[in-house]
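There are 2 protein chains.
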Amino acid sequence: MQKVSMNKGMSDLIVLFSSVGRRTELIRFFTNKDGIYVIGVDVSALAPAAYMCHKFFKVPNFNDAGYVDVLLDICRNEGVSLLIPLHEGEFNVLLQNRRRFEDAGCRLLLSSEEVISICQDKYNTFLFFQQNGVNTPATILPEEIEYRKTEFPLFIKPRNGMGSRYAYRITDERQLRFFIEYVPCPIVQEFIDGTEYTVDVLCDMEGQVISTVPRERIEVKDGEISKGRTVKDWRIIKATTEVAEKLKAIGPLTIQCIIDKNDNIFFIEINPRFGGGVPLAIEAGVNYPDLLAKMLSGEKINPRIGDFQDNLYILRYINSIYKKGDELL
Amino acid sequence: MQKVSMNKGMSDLIVLFSSVGRRTELIRFFTNKDGIYVIGVDVSALAPAAYMCHKFFKVPNFNDAGYVDVLLDICRNEGVSLLIPLHEGEFNVLLQNRRRFEDAGCRLLLSSEEVISICQDKYNTFLFFQQNGVNTPATILPEEIEYRKTEFPLFIKPRNGMGSRYAYRITDERQLRFFIEYVPCPIVQEFIDGTEYTVDVLCDMEGQVISTVPRERIEVKDGEISKGRTVKDWRIIKATTEVAEKLKAIGPLTIQCIIDKNDNIFFIEINPRFGGGVPLAIEAGVNYPDLLAKMLSGEKINPRIGDFQDNLYILRYINSIYKKGDELL
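Going line by line, the protein sequences match chains Z and A.
Heads up, the first sequence stops at 329 in our numbering, and the numbers go up one at a time, no gaps.
Heads up, the second sequence stops at 1329 in our numbering, and the numbers go up one at a time, no gaps.
One or more hints might be untrue.
[What the hints assert, rightly or not] List time: in silico DMTMM-like cross-link candidates among lysine to aspartate or glutamate, alpha-carbon distance up to 25 Å:
| hint | chain 1 | residue 1 | chain 2 | residue 2 |
| --- | --- | --- | --- | --- |
| 1 | A | K1238 | A | E1283 |
| 2 | Z | K221 | A | D1233 |
| 3 | Z | K58 | Z | D103 |
| 4 | Z | K324 | A | D1307 |
| 5 | A | K1227 | Z | E224 |
| 6 | Z | K294 | Z | D12 |
| 7 | A | K1324 | Z | E224 |
| 8 | A | K1324 | Z | E219 |
| 9 | Z | K227 | A | E1224 |
| 10 | A | K1324 | Z | E242 |
| 11 | A | K1227 | Z | E90 |
| 12 | A | K1221 | Z | E219 |
| 13 | Z | K323 | A | D1233 |
| 14 | A | K1324 | Z | D310 |
| 15 | A | K1221 | Z | E196 |
| 16 | A | K1294 | A | E1146 |
| 17 | Z | K238 | Z | D222 |
| 18 | A | K1227 | Z | E219 |
| 19 | Z | K238 | Z | D172 |
| 20 | Z | K324 | A | D1310 |
| 21 | Z | K248 | Z | E219 |
| 22 | Z | K227 | A | E1088 |
| 23 | Z | K246 | Z | E216 |
| 24 | Z | K227 | A | D1307 |
| 25 | Z | K323 | A | D1103 |
| 26 | Z | K58 | A | D1307 |
| 27 | A | K1221 | Z | E78 |
| 28 | Z | K149 | A | E1181 |
It should be emphasised that the hints constitute simulated quantities derived from the structure, not laboratory data.
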C-alpha cells in the first residue's frame, strides 16, 4: 500500500497521523521533508490524505473498542516513534492509553487530560481565561440566562463543538429562546464584532512555547480559513504566547482571538491540535516537521517566537483526487 | 498580468470567465486545453482562480453600474468570443445586456431569462416540475402552511438561495414556526430521505442535451460535493435528460435529485450554471472545453449521453496558493 516512494529504512523519524481525512497539505509538508516517513490511518479509504502518505492503513472507527489495539500494532510493526492525532473525537481514548503507546516506543503528541479538558469544553476554556486574567467575552450557561436583562447581539455555540456547526449570532430574545433548545449543550457569549485572528502555536514536550504565528481570518468557509494572511502583531504574539505558557500544552495549539473596534483583544477558543490553516504558518517559515523531529530526538529547541514571514497570504481552493472504484485503498 | 504562458495569437478560442473566485479546477481544465486562451475576472485579487488564468482583470462588483461596460471593454480589447459567468448574482444584469455582448462578437453562455427565472426561484422550479409531470417533493410557501395538518420532517430553504446557507431540516412545529421567520423568503418542502445525486448536464446553443452525467453525493461540505462518484444509472440519465430538454437551456446545468428508499426519483433543484463538482464529469471523459469550442464554431455536436467513465470517485480537499502582499494581482 506504499503510495509515495520513500525508503522507510533510511528515515530518521517515522510518524503516524491518525484520522488523516482531508489534511492533505499538512501531510505533504511532512512527506516532503527528507528523513521523515509518514504513515496515515483513517476509518475511510475515501480520505483524500490517505493517498498522500507514504503508507496508509484503513482502521476501525475511533469509537470502536479495538481502535487503540490496531494503532498500537501499527506503531510496533512499523517502528512509529510519534503519533499525531488530528481529530478531537479520539483524544480521550488516546490519552487513556498514553502509557501503552510510550511502552511501544511511541510518543503521543497530545497535551495532558487537564489541558484537553480546558480546551474541548468551551465553558472550561472561559473559566481558564477568567482565572488567568485573560480578556474573554462574557460567557454563560443556559440556566444563567436572565432574559429581561439580556443585551444583544449574542453568540451561541455548542460547549463541545468543532468548526462552525450549530454556531449562531443571535439578535433578539425570540432567537435566543429558540437556539437555547436547538443547539446541543450550548454556551452563550457576548458577541464581539471585530477582526478575527487564529494563532498557530507550537509548544515543546515540556510546555515551552517555540513558535507563535497570528493569521488574520479574512474569509472563513465551513469553520476553516479560506483566505488569510500572517500578521506580525507583537501584541497578539505576546498575549497568545502568555496564554499558551499558562496552559502548559504539548505540541500544536490553535488559539482564536478577536480585536474589536476599540482595539481590545478577546480570546475565544483554544484548540489543542493542528488547525486547518496551519499550512500558512509552515509556509511562512516555521518548519514544523523539522522542529518536531528535533523535539523528539531530545534536542533543546530555542524559541523562535515572531520569526516568520509577515503579510504572507493564503488563498484556498478545492482540489480533487480521482480514483476508479478498484483503485481505492 | 499574464500568469500562465500561452500565446493568445495562436488560440482558436478566447474565453472570459467572470467571478472566477475559487473555481480553480474548472479554469485549469480550460487552460490545459490547447488552443483555448482563458481570461478571468473577479472583484477580488484574493480569488485563487485569478492566479490560474492566462490573464486576469480585477473588476468592479457585479452590482455596480459600470460592471457591464468594463466586461464589454475586456471582450472587445481581448477578442473574447465566449463569456461564461460563474456567479448567479450577475446573471440578470448580463441577460439584460446579452445583445451588447453579441454585438461585440461575444456569445454569452447563459440560458434565456425565462429559464433563469425558473431555476433561480426555487418555487418556480417546483411549479415547472409540476407542470411538466416531473416528480418533485410537495412544496409550499409560508402563507400556505396549515400547522395543524403538517407532517414532519420538512425541509426549509430560501426561495433564492445558493448552496446550503439557511437550509434546515425541520422536525417539529416549534422549529417550523421559528425558521419560517428566520430564513429569508423561505419555501417549505417535504423532506425526502435517500441517496442524493447531482447531474451535470451540458446543452448546446439550441437547447439540445449533449451530455448527462449523474454523480452520487457521498459527502457534502458547505453545499458542495466533497466526496462523490459517477453513476451510470440509465433511469437517472433519461429522467434528467428529459427535464433538461423540457427546459430548453443553453450551456451547463446542474440538476439535483434524490432517490428514496422506495426507489422513487424526486427532482429538487436546477442550477443554470457550472456546478462545483463538474470537474468530475470532465475527468470522467466529457471534454467540456472541446465541446464548447465546437459549439461556438457552429459545428453540429452529436449527443453523447451516457458516454462517460462509470464509478469514478472524486475525493476533494483544500489546497492553497501563497502570495506575498506585493505579489497580489
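Right, here's what the structure says about each hint:
no.: 1; hint: K1238(A) with E1283(A); verdict: holds, 21 Å
no.: 2; hint: K221(Z) with D1233(A); verdict: violated, 33 Å
no.: 3; hint: K58(Z) with D103(Z); verdict: holds, 24 Å
no.: 4; hint: K324(Z) with D1307(A); verdict: holds, 16 Å
no.: 5; hint: K1227(A) with E224(Z); verdict: holds, 18 Å
no.: 6; hint: K294(Z) with D12(Z); verdict: holds, 10 Å
no.: 7; hint: K1324(A) with E224(Z); verdict: holds, 21 Å
no.: 8; hint: K1324(A) with E219(Z); verdict: holds, 17 Å
no.: 9; hint: K227(Z) with E1224(A); verdict: holds, 18 Å
no.: 10; hint: K1324(A) with E242(Z); verdict: violated, 28 Å
no.: 11; hint: K1227(A) with E90(Z); verdict: holds, 23 Å
no.: 12; hint: K1221(A) with E219(Z); verdict: holds, 16 Å
no.: 13; hint: K323(Z) with D1233(A); verdict: holds, 19 Å
no.: 14; hint: K1324(A) with D310(Z); verdict: holds, 8 Å
no.: 15; hint: K1221(A) with E196(Z); verdict: holds, 22 Å
no.: 16; hint: K1294(A) with E1146(A); verdict: violated, 52 Å
no.: 17; hint: K238(Z) with D222(Z); verdict: violated, 29 Å
no.: 18; hint: K1227(A) with E219(Z); verdict: holds, 23 Å
no.: 19; hint: K238(Z) with D172(Z); verdict: violated, 36 Å
no.: 20; hint: K324(Z) with D1310(A); verdict: holds, 8 Å
no.: 21; hint: K248(Z) with E219(Z); verdict: violated, 30 Å
no.: 22; hint: K227(Z) with E1088(A); verdict: holds, 22 Å
no.: 23; hint: K246(Z) with E216(Z); verdict: holds, 23 Å
no.: 24; hint: K227(Z) with D1307(A); verdict: violated, 38 Å
no.: 25; hint: K323(Z) with D1103(A); verdict: violated, 44 Å
no.: 26; hint: K58(Z) with D1307(A); verdict: violated, 33 Å
no.: 27; hint: K1221(A) with E78(Z); verdict: violated, 34 Å
no.: 28; hint: K149(Z) with E1181(A); verdict: holds, 24 Å
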